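A.B. asks: What follows is the residue order along each chain.
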Amino acid sequence: MRALLFALAFLASVAAVTPSANAQTLQSVLQDNAEAVAKPARRTVEAVLAALSAAQLEGVPEFLESWRDRNLWQRNADGLFFVAAEADGGLVLTDLDTGAESRAENTRDFSQIRPNAGVRRVIDAALVQFLLSDPDLNRRLAALDAISRDPAEDQLEPLRASIDGEGNSTVLARKQQLERQLTALYDADPAARITAIEALSGDLSVEVRGILSRILSARDAVAAAIPEGVNVAATLTPGEDFDMATAYARLVDADLAPATVQPADVNAALIARIAEGSVAGVPVATLNTEAARVAAYRTLVAAGEVPPFITPDEREAAIAAHVFYQAYNEPNAEVTAAAEDAQAAIATRLAAGQAADLTLDALSLASIYFLAAVGLAITFGVMGVINMAHGEFIMMGAYTGYVVQLFVPDYTLSILIALPLAFAVTFGAGVAMERLVIRWLYHRPLETLLATFGISIALQQLAKNIFGTQARPLTSPDWLAGAWVINDVVQISYIRIAIFFLALIFLGLILFILKRTRLGLEVRAVTQNPGMAASMGINPDRINMLTFGLGSGIAGIAGVAIGLYAKVTSEMGSDYIVQSFMTVVVGGVGNVWGTLAGATMIGFTQKGIEWFNPSNTLAAQTFMILFVILFIQFRPKGIVALRGRAAGD
Amino acid sequence: MNRKTLLTNLSAAALATAASQAAAQDCTIKVGVLHSLSGTMAISETTLADTMQMLVANQNEAGGVLGCQLEAVVVDPASDWPLFAEKARELLTVHEVDVIFGNWTSVSRKSVLPVIEELNGLLFYPVQYEGEESSRNVFYTGAAPNQQAIPATDYFLEELGVEKFALLGTDYVYPRTTNNILASYLAAKGIAEEDIFVNYTPFGQSDWATIVADVVALGADGKQVGVISTINGDANVGFYKELAAAGVSADDIPVVAFSVGEEELSGLDTSDLVGHLAAWNYFMSADTEANAEFIAAWHAYTGDDTRVTNDPMEAHYIGFNMWVNAVEAAGTAEVDAVREAMYGQEFPNLTGGTAVMLPNHHLAKPVLIGEITADGQFDIISQTSEVDGDAWTDFLPESAVLTSDWKDLGCGMYNTETQTCVQLTSNY
Amino acid sequence: MERSFVARNPSVLWFLLALSIFTIVVTILSEALGLGLMSTSFLKTLGKTLCLCLVAVAMDVVWGYCGILSLGHFAFFGIGGYAVGMWLMYARTEGIVLTSLASAPLPPTPEEVTSAIGTQIFGVVGSSEFPAIWAFSDSLILQLLAVVLVPGLLALVFGWLAFRSRVTGVYLSILTQAMTLALSLYFFQNDTGLRGNNGLSGLQNIPGLESVSQATISLWFFWASALALGLGYVLFAWLVSGKLGSVIRAIRDNEARVRFLGYHVEGYKLFVFTVTAMVAGIAGALYYPQAGIINPAEIAPVASIYLAVWVAIGGRGRLYGAIIGAALVSLMSSWFTGGSAPDINLGIYVVKWTDWWLVLLGLTFVAVTLFFPKGIGGLFDRLVRNPDGGAR
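Chains as they are written, first to last, in the working numbering: chain G, 1 to 649; chain A, 650 to 1077; chain D, 1078 to 1469.
To be clear, the hints were calculated from the coordinates, so they are not data collected in a lab. Don't take each hint at face value.
Covered stretches of chain D (in silico footprint by chain G; criterion: 3 or more residues with CB under 8 Å from a CB of chain G, positions within the stretch not fixed) [to be verified]:
{"no.": "1", "stretch": "1375-1382"}
{"no.": "2", "stretch": "1443-1457"}
Pairs of lysine-lysine residues, derived as DSBU-like cross-links and limited to a Cα-Cα distance of at most 30 Å, are as follows [stated by the list, open to error]:
{"no.": "3", "chain 1": "A", "residue 1": "872", "chain 2": "A", "residue 2": "838"}
{"no.": "4", "chain 1": "D", "residue 1": "1429", "chain 2": "A", "residue 2": "679"}
{"no.": "5", "chain 1": "G", "residue 1": "39", "chain 2": "A", "residue 2": "838"}
{"no.": "6", "chain 1": "G", "residue 1": "637", "chain 2": "G", "residue 2": "515"}
{"no.": "7", "chain 1": "G", "residue 1": "39", "chain 2": "A", "residue 2": "872"}
{"no.": "8", "chain 1": "A", "residue 1": "679", "chain 2": "A", "residue 2": "1056"}
Some residues of chain A that are not near chain D, with every Cβ distance over 12 Å (derived) [claimed, not checked]:
{"no.": "9", "residue": "812"}
{"no.": "10", "residue": "819"}
{"no.": "11", "residue": "829"}
{"no.": "12", "residue": "837"}
{"no.": "13", "residue": "898"}
{"no.": "14", "residue": "915"}
{"no.": "15", "residue": "984"}
Remember, predicted model here, so these are calculated numbers, not experimental data. Just so it is clear, CB atoms sit at the ideal spot from N, CA and C, and this is done for glycine as well.
Between the sequences and the hints, there should be enough to build the whole structure, so can you do that?
C.D. replies: Written out as structure tokens, the structure is:
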């Protein structure tokens, strides 16, 4: 591979001057390797590249790009290759050698050649040196990406050569960065490597950490004594770093000690020696315990027929006679020492970065829970109405967003339309539900729970009937795609940031409405004492209706937001309903700040548990709910408990 | 209303009047269709129920089987696992069907197994699954792990040079078993235990930020990372969205999925997912005459030319046609005779080549790996020759010694070490 | 205490009479012992319905009489099913393993037997270790005890915590729902050792009864379910007609006043909560061997809400109401979603019941809550004018 790349580089310089004199054409070289060109694999593609460079032909980089970009087609009839483009149902073919264009009507007569990602990567690596100084900025960046993905020793020289002529400052910075990394890995001069490694310290990127890990890659080894010239990373103590059984197994693997006799070996030895219903004088029928089998095996050992068990003393002695250590693959101790220092410098920042990232994730989760629950904070928290269909209002909001996107293809515009429309739709649904059902049940809260559950299953099934059970796409506009990347460790997607701010806006809005507006005053009055409020000229019916509509409308907007970051299905509401109620209850009913506290606590608790056990998210959810249940036992009124009269009963 | 509802209603009407027709055509052969038409699995299974009705209708147009008309008996187990057992019993005892095509989830299959075995029914199961099973009364037309997971992992190792694996899955039996097999397979390939990251999430998981960050962080030791995803259903939507938001391209960290097909992608904007992978035995984009015909028939039947086709549909297509040929060969639709005639049945795949029914009740099928394209389809970049489905995986010590051969050994769980049949009926 | 229990509760006799007649009719129609007019699958449905009626009666006592809207009783039902299912799976697998190991060259050691059983049961979910939770699965008696003790203990601990903190009303409902969610997620995890989403299956095959046909076993389970329902009904009727019944109804109507009267309200509530949980466990233990499979989806929160729905539709505060509700709604559900209900052709649109049944059920439910708060049982009362039945 390496030699081949040099050959290609050489070829690039020579081919430009001397037109190739030999009889080989590109087509003929490809035909010689037809199988490997038509069905390229990572391991076979290098042979093709080698053949191409050996032939010293013009236009190889262009051909490689066509090949990589799937513009190469093979004619089924005679196996000839063409660069081709699909047009008007047919193909426009370009001859590889003459460049002559022709047209083929039936694409079935040709097979498109599709190199897989691994092959494309090898081709990219081979193309690096041609593209590093390409006039096209994107191609230069692509070449740099290829280096960063597969750093290789032979890329160092072309990279260095290309730095001088680089005009674009971004690309230049990137080139210098990669040059440092390659220097750290491959430079022949240890001093240069150490300087480069020191320059890398403090960089949190995955790339740099990868470089350092490569330099510090080590292998486990065991020997009677550590051989000369080995760059030792650590000496290990059996019994502390790993248990004695593992230590002995390593000795066995290294052929430094005889293998232990396993239960399976005992069984096999016994079975092999069964004769007339007994083994070594023991009747087979009695061999139905481990102990009996071991005893029988010992008889065989005594007869010298099978290898003996290894005694604990023998094991200890064998282990004591050897040194277990880890050796760096990098022979130069100074380089590894510098890399270790750099890694240690990164480690502290890395831990801080990971904590920050986890905090961001937790904040984001909390804001999602808050957004899902804030509508409930009004309907349940302020009005005391249990609305099991709250989740379905979230779903309705999300589907509203989906329907809007069907009609308005521009994603930014569609979101701007969808947000108020979702509010309107769910506001209407909420008002209708309050008028038709809930107002008859204000004095029967448990039955509200059941009636709204009925509405919930009806709405869910209705959504299935209308939209089908398949998840529907709700796509965020481009400016919300991607993530805010602080560094490779701390990053958060824009959509989550948007949800976070949406949650903040709602918090402010609801606080404002409840505390600063006439409506809020009336809402609080009606909730605390409907009779008295009515006698003051407030119409409780109207207020209840509006409040419920407001809570439902907010659920609709939450639905659009949740649909944007996750999925839109008829069942999305039921994913959030239990958590939402818990959020409100944990936070303290009747208080929007409480809901905020509840969401924050649940979000952070869940992320905290996930951090302890990253491989099982399901367990984290289970323990989070258990935690909430226990929390409510000890603080039944929630985190922010209302006191005095406002607390009601 | 589109034509699909009309047709399903016609068949429902046919079902209702089945009793009165029985006298007129007493050689009707009944085909049970046991797919959920409601509940959470309806999304995937309704398509298969429609596929079966299309296949039956087309077969009847072509003259039926043994000169008899086929009749599809469609019941709805409503994604309720105990109900699967109840409906299977109803199909076999009340409707007296000769064969059942059905099930999607493993748990529904395990629910149906005891009933099918007790009443000696015949079930064609069309979905890729975790293996470790071979029932006398079930033909598995979907992929076993060695026909999907293992080749995909080989592709990662060989072609993409992946050195570090993230096995992400939904917490249920298929991902658990598959990941177990893969962990053991990767160990045999020299991948160290610490280079395998495993995570299980609940069904419908939507909060993927932390997990994606964990996966990205795996690359910190300079090794190429690859994700093997057995994430199920709509949880994929959030996962791929988060992946795209984090800027993880297929070139950085390729993801190969075993449960994401054309249907699942229709819920997503795939422009950010181009290049990520899926492994199946069939892709809609396969460029063959047979596939073009099948897609055309499907579009004509549903009256909707945007409907996609997928792997389990092909499995039903192969299974149904093999069953028809086996009935013709046996001269009867009686279960035991058909079962004997099934072994060695051959039928052309939609992707080219020929599927063969093996004595272990699994198919030999080619394995395809596709890259996601911007239009929600797959670009086929690798297609193997036919791979024999393996009921008991070779990569777990307990099942490596097991084999299934209903033709010669007459046993679905045969211990080759002790040369004994462990069990004749399944242990569910 | 002047009149006898039966005299005060004539409905108990009527119910027992109806149940006996029903049992006899079903037996006569059954495949195993009778005319064979009723398919085994329908017999199983009826047997399962009786178990659902039993758990509905328990729900009625805890909600309709004591005013605790528990959204967790179906979880107790599921736990009962799991407890008995573990023995069924273990014993069945042990039989298979012993037969298979009998032909091995060496007689099996106990460790080998355990490991082979573990591989068979847990191999499918990628493990062969026996989880600690299965420690008693080899003993039928211990697992049967677990059917009542585990739900009982769980209800006791949960109830003690919740009632002690004076969590009441809708808060308690939400808390019980959270408990149910946590339980179903817990059962869902593979690491729990209960085979995760696959659950326990093949439960209809009873170890030791391999030679008995499913038609016969189903009939036996039907009888057992009928017997359990009869006993449960009598037990609860007796409980609610005595002093305890008066106190818990008083708690339902005004908890604070009862407390001021000097009653230990928490104790009463805890007793009712725990006893009904235990009965729910028994109902589950009878249900799942008929259903054949239990998995965590069975105990999802929504199942417990449905239980409350049945009771509300049937009529709270009267035991037969719960039975009417459970039987009616569950049988109608299976009829409507079973594909046998005729579709309604409206000309422009065809109403398919598989699609619209849940919509109808949901709306019915709203209507019942709004217009018939006493449920179907309330209609009964109006006809019979039973002085004892009134709930409020």
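A.B. asks: With reference to the structure, classify each hint as holding or not holding.
C.D. replies: Structure-based check of all given hints:
1. 1375-1382: Satisfied; 3 residues make the cut.
2. 1443-1457: holds (count 4)
3. 872(A) <-> 838(A): With a Cα-Cα distance of about 16 Å, the restraint between residue 872(A) and residue 838(A) holds, given a limit of 30 Å.
4. 1429(D) <-> 679(A): holds (23 Å)
5. 39(G) <-> 838(A): It holds: about 24 Å lies between the C-alpha atoms, which stays within 30 Å.
6. 637(G) <-> 515(G): holds (22 Å)
7. 39(G) <-> 872(A): This hinted pair holds, its Cα atoms lying about 26 Å apart.
8. 679(A) <-> 1056(A): Holds, at roughly 26 Å.
9. 812: Fine: 24 Å to the nearest Cβ keeps residue 812(A) off the interface.
10. 819: violated (9 Å)
11. 829: Per Cβ check, residue 829(A) is inside 12 Å of chain D; nearest 4 Å; violated.
12. 837: holds (16 Å)
13. 898: holds (32 Å)
14. 915: holds (21 Å)
15. 984: holds (18 Å)
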